[in-house]
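Colleague: Chains as they are written, first to last, in the working numbering: chain Z, 1 to 129; chain B, 1 to 129; chain D, 1 to 129; chain P, 1 to 129.
Calculated from the structure, these hints are not laboratory results. Errors might be hidden in some of the hints.
The list treats identical chains as interchangeable, and a pair is accepted whether it falls inside one copy or across any two copies.
PhoX-like, lysine-lysine: derived pairs with alpha carbons at most 20 Å apart [to be verified]: (1) Lys9 to Lys71; (2) Lys65 to Lys77; (3) Lys65 to Lys86; (4) Lys71 to Lys50; (5) Lys86 to Lys104; (6) Lys65 to Lys104; (7) Lys77 to Lys9.
Number of protein chains: 4
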Amino acid sequence: MYIYELEFKVRDYELDVQGIVNNSVYQNYLEHTRHEFLLSRNVSFADLSKEGIDAVVARIEIAYKNPLRSKDEFVCKLNVKKEGIKYIFNQAIFRKSDNKLCVKAKVTTVVLVHGVLTADFAPFDELVD
Amino acid sequence: MYIYELEFKVRDYELDVQGIVNNSVYQNYLEHTRHEFLLSRNVSFADLSKEGIDAVVARIEIAYKNPLRSKDEFVCKLNVKKEGIKYIFNQAIFRKSDNKLCVKAKVTTVVLVHGVLTADFAPFDELVD
Amino acid sequence: MYIYELEFKVRDYELDVQGIVNNSVYQNYLEHTRHEFLLSRNVSFADLSKEGIDAVVARIEIAYKNPLRSKDEFVCKLNVKKEGIKYIFNQAIFRKSDNKLCVKAKVTTVVLVHGVLTADFAPFDELVD
Amino acid sequence: MYIYELEFKVRDYELDVQGIVNNSVYQNYLEHTRHEFLLSRNVSFADLSKEGIDAVVARIEIAYKNPLRSKDEFVCKLNVKKEGIKYIFNQAIFRKSDNKLCVKAKVTTVVLVHGVLTADFAPFDELVD
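Between the sequences and the hints, there should be enough to build the whole structure, so can you do that?
Modeller: Structure, rendered in structure tokens:
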């Protein structure tokens, strides 16, 4: 069901005072995985931005299931669907030691070309299976 | 409808290559506002954590409406409801210059006492109107 | 001796597992103070960057004297000197409760105009006393 | 001259509005490399902290030579010396594509056991060559 995955290891500066990865940091993991997925398909978020093409997150839903801690290794997986003008990334993070689900997320993105919403952005349409 | 609000100003290190505040940073704003709200009611997230009482986010839903940019000042507002064992924070971020809605969020939290889910945490129950 | 100061309060997401503000976060505080100082003199770091003018940090030296913790309020102060082509910001962070020195920093910056080092950048020269 | 190295890739959320990695983020890279080095020698920063043993940075000096950008891969190297009660980490970051030096840093740390400075912390003394 997932078409791309990326491996990570928790970095201690990502922990908060509870000794677990801070909630906002998972968004960083999710974003980096999407961007690396795009790069694996020869689409660069940073280069697009320079050309005035911005993929932006319109909505994010994250369910926090199990916290990551110092030394944890994990894998972030994704697939992508199209619904109208929206490209929807379904993402999940699994801890490697026991394959436990840590985070499940649905990330709804849209594409703006010079600030205007675009219904069909070819490089993204090719990502959708 | 909101019972607490906190003023902020964008810091340039929070911007990404698109020149807008990075999506994950809004979670920092939302969290800081919740913690300052708790402090205003004499509840300290950091102190609770030291005593083994952890308020954790179980689920977050964020709708990104308008991006914040360098120099923007904004206000983050919240209210809190109880549903079963969940304390639900409804939060919104408004840009000060034009009062435009930037972000709307629903943050579902639960309280763990020494790792065990707690149905009634008195200091939080007093926050609910 | 200092010509500008800005007030802050620690945000809990800036703490690490030791319960103190993470070392890297002080660089955020120092940078934000420099940028707000520039804005107070009508110089915008973000706007300059759009025009191809980049003030970049060439060297930073930070002495960590006393750690900041949850709930701490503090003030970040600065002055600026010119040495050759370098603009040198001397910065310090003081905890408000007891006026204790927390961090002392020397930040050496240079200005690049379309990638080329500039000896005299008028808007910065006016900052130097 | 370096006794440990760790490979990284820039993540887009680490970039700022100039399209380069934000200065403070290099401290994250440097810290993560030190902690992974410690782990490779069976010393855990996070576990030590739980036992009341805190390795803290007393001083950091960073020279920024060449900026890292989106997609850049790099390696962070280190060695460690002892001077009096100080453990001094010399660190450098090299871009992989051309082996260019990006950052050079000297990080001076001390060890506190339950808040008291310690002259000889055996697990760290064994790291020093």
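Colleague: Now, for every hint given, state plainly whether the structure supports it.
Modeller: A quick look at each hint next to the structure:
1. Lys9 to Lys71: both (7 Å within a copy, 19 Å between copies)
2. Lys65 to Lys77: Answer is within: at 15 Å inside a copy they meet the 20 Å cutoff, but 26 Å across does not.
3. Lys65 to Lys86: The answer is between: 15 Å across copies meets 20 Å, while 26 Å in one copy does not.
4. Lys71 to Lys50: Classified as between; 14 Å across copies, 36 Å inside a copy.
5. Lys86 to Lys104: Both: 19 Å inside a chain and 19 Å across chains, each within 20 Å.
6. Lys65 to Lys104: within (8 Å within a copy, 22 Å between copies)
7. Lys77 to Lys9: Result: close both inside a copy and across copies, 14 Å intra and 18 Å inter.
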